[in-house]
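So the protein lines, in turn, are chains A and B. Per the working numbering, residue 3 is the first one in the first sequence, and the count goes up by one each step. Per the working numbering, residue 3 is the first one in the second sequence, and the count goes up by one each step.
No lab work stands behind these hints, which were simulated from the structure alone. Among the clues, some could well be false.
What the hints assert, rightly or not - DSS-like mimics (lysine-lysine), calculated; alpha carbons at most 25 Å apart, straight line:
| no. | chain 1 | residue 1 | chain 2 | residue 2 |
| --- | --- | --- | --- | --- |
| 1 | A | 10 | B | 10 |
| 2 | A | 213 | B | 213 |
| 3 | A | 10 | A | 107 |
| 4 | A | 213 | A | 107 |
| 5 | A | 121 | A | 107 |
| 6 | B | 10 | B | 109 |
| 7 | B | 80 | A | 80 |
| 8 | A | 10 | B | 213 |
| 9 | A | 203 | A | 213 |
| 10 | A | 10 | A | 80 |
| 11 | B | 52 | B | 121 |
| 12 | B | 109 | B | 80 |
Source: prediction; values computed, not measured.
Protein chains: 2
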Amino acid sequence: MIASYEMKHQVPYYECDATGHQTLAMLFRLLILASEDHSDALGVGTAKIKEYDGGWVIINYAGDVDRLPWENETVTIKTYVEAYNRFFVVRTFEVYDADGKQLVKVKGMFAFMNLTTRKVASIPEPLIAPYQSEESRRLPKVARPQLMANDLAWERLDYRVRFFDIDLNNHVNNAVYFDWLLDPLGGEFLRHHHLVNLKMKYNHEVRAGEKVDSQFIKIEENNQIITHHQIQCQGKIAAEAEFEWKLV
Amino acid sequence: MIASYEMKHQVPYYECDATGHQTLAMLFRLLILASEDHSDALGVGTAKIKEYDGGWVIINYAGDVDRLPWENETVTIKTYVEAYNRFFVVRTFEVYDADGKQLVKVKGMFAFMNLTTRKVASIPEPLIAPYQSEESRRLPKVARPQLMANDLAWERLDYRVRFFDIDLNNHVNNAVYFDWLLDPLGGEFLRHHHLVNLKMKYNHEVRAGEKVDSQFIKIEENNQIITHHQIQCQGKIAAEAEFEWKLV
């Protein structure tokens, strides 16, 4: 049976935005915390992985949001490794309210990176066995954002990397991208729309001293409100995202 | 005897910067959380205060830092109302490590604001009595930053207010100022200096859609390293700070 891990968390005021909901960036920080605690509990945490000169890197996330947690709410985060192959792991994250109702379900595709070569490497067996997941030829799909043409009428805002965006790995923490992606949509949009589906793909690290350009286009058709996003940095696409929204 | 309140907190990775220490902004978010929990526990939390059409606003903070908490460390935050008069409250915050060693001691001067007139009002007796503190003519000093001349060679960086800087009160959360104040000092300085003393004074709210200019000057003399800071917004000084540092 797959080894899963559960973590309870009470959402303090400072994880919430002006709507009283936990921010998406904070939610992802918390999901990663749960996955790290899970790995630690199984004896395959950061220290153990470093013995293999490796680290887990996120490739992409996809998932559904019924609603984001509220201020003061206590939620349970459940996570497990759903499947893996030689190079990739699909980890599932589920967030539940106190009544056991599922609020969020997100899958993340992670790769094992060799920290010396900075390239994807095959996953050492002792680092994956404790999750008691199945090795599979066909991994579950983690949907990617739809690729959008560059000549569309993207709106954009630029963001200078700040010292407090940088984490212990010396690059911009993956959660910071969510603030960069969402902020350009503006307060009016963000107060009156709730996220229902997300697809997020990381392409390149962003580092201290760099500046990014966060671009989006909004598409409303067939009663769907979808925003497509790109984070550009040094002429490359550092991240892409696609968010589906409902009006509130 | 003065009613004090204690809160334990384990510092997750996402409250820390690239040095592995909790950020100053996160520390202050946590101090305010402790004060709110304290007030709630005494039955004089936000809901009760709203019955009087009032709210607490921070005027200034001053204090000493032995060291900021580390990633994964469990700290205890102790807070109590040290003294008050008709208009102001001096609240003390102490942070301790697991061995009971004091890491941080900060005092904050708070005023009671009438939310309709947006002016300081006298503190209703039922809102202050539960803290079991003494009303005193002479409040303990909460040191203010030294005023610096405008014609000095201030260095500066500007910051656009982001949606996620805004809190439920519809202005920039007080903790965000610490990121604005410190970021312009740069990674090189922040990695090699630790804060030992802080003085921080709030003058004006900053709101959605505004842009601030964070300015600083660094003064090294008599073996002291001091940085003086101003946050300018719409031609006014929104906040001032003075930080003392030690080389590490």
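Pair hint residue 80(B) and residue 80(A), alpha-carbon separation not exceeding 25 Å: Roughly 32 Å between the alpha carbons, so the hint for residue 80(B) and residue 80(A) is violated.
If you draw a straight line from the CA of residue 203(A) to the CA of residue 213(A), is it 25 Å or shorter? Within the cut-off at roughly 19 Å; holds.
Sort out whether residue 10(B) lies within 25 Å of residue 10(A), counting only the CA atoms. With Cα atoms ~16 Å apart, residue 10(A) and residue 10(B) stay inside 25 Å; holds.
Do the alpha carbons of residue 213(A) and residue 107(A) lie within 25 Å of each other, as the hint requires? Violated, at about 32 Å.
Check the hint pairing residue 10(B) with residue 109(B) against an upper bound of 25 Å on the C-alpha distance. Answer holds: residue 10(B) to residue 109(B) is near 19 Å, not above 25 Å.
Taking 25 Å as the top limit, are the C-alpha atoms of residue 121(A) and residue 107(A) close enough? Status violated; Cα separation ~29 Å.
Starting from residue 10(A), check that the Cα of residue 80(A) is at most 25 Å away, please. This hinted pair holds, its Cα atoms lying about 9 Å apart.
Between residue 109(B) and residue 80(B), is the straight-line Cα distance small enough, at 25 Å or below? holds, 12 Å
Tell me if the straight-line CA distance from residue 10(A) to residue 213(B) falls inside 25 Å. violated, 37 Å
When you check the alpha-carbon spacing of residue 213(A) and residue 213(B), does it fall within 25 Å? Roughly 18 Å separates the two Cα atoms, so the pair holds.
Tell me if the straight-line CA distance from residue 10(A) to residue 107(A) falls inside 25 Å. holds, 16 Å
For the pair supplied as a hint, residue 52(B) and residue 121(B), confirm whether the alpha-carbon distance does not exceed 25 Å. Roughly 15 Å between the alpha carbons, so the hint for residue 52(B) and residue 121(B) holds.
Of the numbered hints given earlier, the model fails hints 4, 5, 7 and 8; all others are met.
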